[in-house]
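Quick note on this note's numbering: the sequence shown kicks off at 34 and runs consecutively.
Don't read these hints as lab results, they were simulated from the structure. Keep in mind that a hint or two might mislead.
Pairs of lysine-lysine, DSSO-like flavour, derived with a Cα cap of 27 Å [to be verified]:
#1 Lys46 to Lys35
#2 Lys88 to Lys46
#3 Lys35 to Lys55
#4 Lys35 to Lys88
#5 Lys55 to Lys88
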Amino acid sequence: MKNLRLILARAEKGISQTELAKRVDVTRQTICLIEAGRYNPTLALCLRICRALDKTLNDIFWEEDPHDL
């Protein structure tokens, strides 16, 4: 499942996958895979991404339980 919240947060900041990757010290391909939902990042990487985007872990990485909706 795509991480649309990450894609939107990055778009809000106006930065590319490449720029985010540089800020968090990973490759652009890693950011692409995270956004595509094909890579599960470590907690440390999640925190770096959140800091780079001025977001919280809940804002970007918390998965909603469909039963809570």
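Cross-check of the supplied hints:
1. Lys46 to Lys35: Roughly 19 Å between the alpha carbons, so the hint for lysine 46 and lysine 35 holds.
2. Lys88 to Lys46: holds, 11 Å
3. Lys35 to Lys55: holds, 21 Å
4. Lys35 to Lys88: The hint holds at about 18 Å.
5. Lys55 to Lys88: This hinted pair holds, its Cα atoms lying about 17 Å apart.
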